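Trainee: Top to bottom, those sequences are chains A and B.
Per the numbering used here, residue 125 is the first one in the first sequence, and the count goes up by one each step.
Per the numbering used here, residue 21 is the first one in the second sequence, and the count goes up by one each step.
Please keep in mind that the hints were generated in silico from the structure rather than gathered at the bench.
Treat the hints loosely; a few may be bogus.
What the hints assert, rightly or not - Calculated from the model, a selection of chain B residues having no Cβ within reach of chain A, i.e. all distances over 12 Å:
1. L57
2. D69
3. D70
4. Y219
Said to hold, decoys possible - Simulated crosslink set (DSBU-like; lysine-lysine; CA at most 30 Å straight-line):
5. A:K205 to B:K82
6. B:K51 to A:K246
7. B:K51 to B:K41
8. A:K203 to B:K51
9. B:K178 to A:K203
10. B:K244 to A:K267
What the hints assert, rightly or not - Only part of the chain A face toward chain B is listed, based on derived beta-carbon distances under 7 Å:
11. V230
12. A232
13. V233
14. A236
15. N238
16. A240
17. S250
Predicted model, so just to flag it, every value in this text is computed and none were measured.
Where is the CB? At the ideal position from N, CA and C, for every residue including glycine.
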Amino acid sequence: MIKELTLVGIVAITTYGGSKSAFALDVPISASVTGSCIISTETNGTYGQPNAYTLTTAAADGGQMPITRVDVTLASAYKVKFTVPNDFSSSPSLNDVVTFTGDTEVSAVSDATNMADYETDKVEVSTYVDEYDLSATGSTWFKHTSVATNGGSRAFPSGNYTAYVTAECIAL
Amino acid sequence: MDNVLPDEYNLAVNGVFYTYKPIKETQDAMKVHVSNLNPNGGYTFRETDDWSGKPGGIPIIKTIGLDYIPRELWGDGSIEVEGTGSVTDARVVYSYRYEEGCANPLDKPTCPGYTDAVLELIPENTMTEIYNALEDENINREETELDNKEEEQEPEEKEKDDRLERALAINEETLEMGNSVAQNQMLQAMNNAILINNYYIKVIDGGVYQEAVTLKDKNLPDSKYSAILNLSEDIKHNKMINLQYEGNK
Chain A
125 MIKELTLVGI
135 VAITTYGGSK
145 SAFALDVPIS
155 ASVTGSCIIS
165 TETNGTYGQP
175 NAYTLTTAAA
185 DGGQMPITRV
195 DVTLASAYKV
205 KFTVPNDFSS
215 SPSLNDVVTF
225 TGDTEVSAVS
235 DATNMADYET
245 DKVEVSTYVD
255 EYDLSATGST
265 WFKHTSVATN
275 GGSRAFPSGN
285 YTAYVTAECI
295 AL
Chain B
21 MDNVLPDEYN
31 LAVNGVFYTY
41 KPIKETQDAM
51 KVHVSNLNPN
61 GGYTFRETDD
71 WSGKPGGIPI
81 IKTIGLDYIP
91 RELWGDGSIE
101 VEGTGSVTDA
111 RVVYSYRYEE
121 GCANPLDKPT
131 CPGYTDAVLE
141 LIPENTMTEI
151 YNALEDENIN
161 REETELDNKE
171 EEQEPEEKEK
181 DDRLERALAI
191 NEETLEMGNS
201 VAQNQMLQAM
211 NNAILINNYY
221 IKVIDGGVYQ
231 EAVTLKDKNL
241 PDSKYSAILN
251 LSEDIKHNKM
261 INLQYEGNK
C-alpha cells in the first residue's frame, strides 16, 4: 500500500512539472500510512546438535524454536507467508550437501473464536513455505522448526552457522 | 485478591493479561470465563473465550486494558470452563499502579491513619502540663519572705546594699563596654584587611607604560641668551679675580 501511494504522488508532480506556464505551482499531496500488519521477533532460534551431522531447533536436542509475532489491525486484509531455512546464510566451508527440513505452526492466538482455525486453515505452499490468512484482528504467534542434516552422515565442520526464517505480510 | 494485589495506597488495576491452553475436541462446545468478582455484586472483570467448534491445543494470550479500577472493587478471581473441556498452563497477571509513599502511614500527612500513627508514637508520660513559674506556690512564698526581709533591714544597711549593687552594676557595664570596644577594633582590623586586599589583588590594565617622548626638532641650536649670559659671567669672573690683585697695589 505504501508503494502505490508513493506512485500516485510522483505522477501528480510530473504532470505539474511538465507545464510550460511561468506560474507553475507544485501542490503536494502527502500521506502517512502506519503498517497495519506488523511482524516482530518474539524469540530468536538456536540450533542444537544431537549428533555430529544434525542441527535442530528441537528443545529436546538443546535447540530453541524461533517465534514470530504478527499483529494486524485490519481483519481479512493480509496473509502472512513464512519461509523456513533451506540453506545456511553463513557457515564454514561445507564438506557435503546439507538437507533442510522445517515447518511453521501457530504457537498462540489472542482470539479464540476467530483465530483458533488458523492452523487448520494453513496453506502449505511448498516444503519450506506456509501461508496463513489473517482473518481476524489481533496478535498471532508462530513457531518455526528447522533441521539441517549433513550428507553422508558426515560431521559438520566446526564454526558458526546462521539460517533465517523469512516472514512476509502480503496485502490481499 | 488480598494475596494477589499488594497492600498499597490508592492501588488501581489498569490491565489484565492472561494465558491458558484449552484442552478439547474440535466438535465440543466450550467457553472459558476469566473473571473477578465485584464485592458489591456482579463482576469487575469478565472475559469469555468461545472455543466451541474450534480445535484445542493452541494457547491463547490475551491482554485487556482497563481504566484504573480501584483495588477495592477487585474480588476473588477465577477461570471457569463452561461445556466440555479443560484448560492447562493458566496464568493471570494484573497490571496496576499505586501511589508511592504510603506504605507506612507516617510517610505523608495525607496518608490514611497518619494521625493515629503519630499519636501512637507519643508516650503518655510525656504529656506534661505547662509550667508557669508565676503560679508556683513555693516561689511566691519565697518572694514574700524576701520582701519582708528587705522591709526589716535598717536604712544604713539598705543603703550599703544599694551602693554595692550600683558598684557591681557599673563594673559589669564597664566590662561590657570594654568588650564592645575590643570587638569593634577587631572588626575594624578585619575590615581593613579585607579592604586593603582589594588593592593588592587589583590588576591594572595595560601592564608597563613605555616612555613616549617625541622631539619635534632634530637639532637643538645654542641659545643666544645663554651666550650673552656666559660672556657676562666671564667678565664678572675676571673682575672678581682681578680684585685680589688690586688690594696689593
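Trainee: Now, for every hint given, state plainly whether the structure supports it.
Mentor: Structure-based check of each hint:
1. L57: holds (23 Å)
2. D69: violated (4 Å)
3. D70: violated (5 Å)
4. Y219: holds (70 Å)
5. A:K205 to B:K82: holds (23 Å)
6. B:K51 to A:K246: holds (24 Å)
7. B:K51 to B:K41: Judged against 30 Å, a Cα distance of about 13 Å means the pair holds.
8. A:K203 to B:K51: holds (28 Å)
9. B:K178 to A:K203: Not OK: K178 of chain B and K203 of chain A at ~118 Å, beyond 30 Å, violated.
10. B:K244 to A:K267: violated (123 Å)
11. V230: holds (6 Å)
12. A232: It holds, given that the least Cβ distance between A232 of chain A and chain B is near 4 Å, below 7 Å.
13. V233: Where the cut-off is 7 Å and the nearest Cβ of chain B is about 6 Å from V233 of chain A, the hint holds.
14. A236: For A236 of chain A, the interface hint holds, since the closest Cβ of chain B sits about 4 Å away, which is under 7 Å.
15. N238: At 9 Å from the nearest chain B Cβ, N238 of chain A fails the 7 Å test, so the hint is violated.
16. A240: Hint on A240 of chain A: holds, closest Cβ of chain B at ~3 Å, below 7 Å.
17. S250: Violated, about 24 Å.
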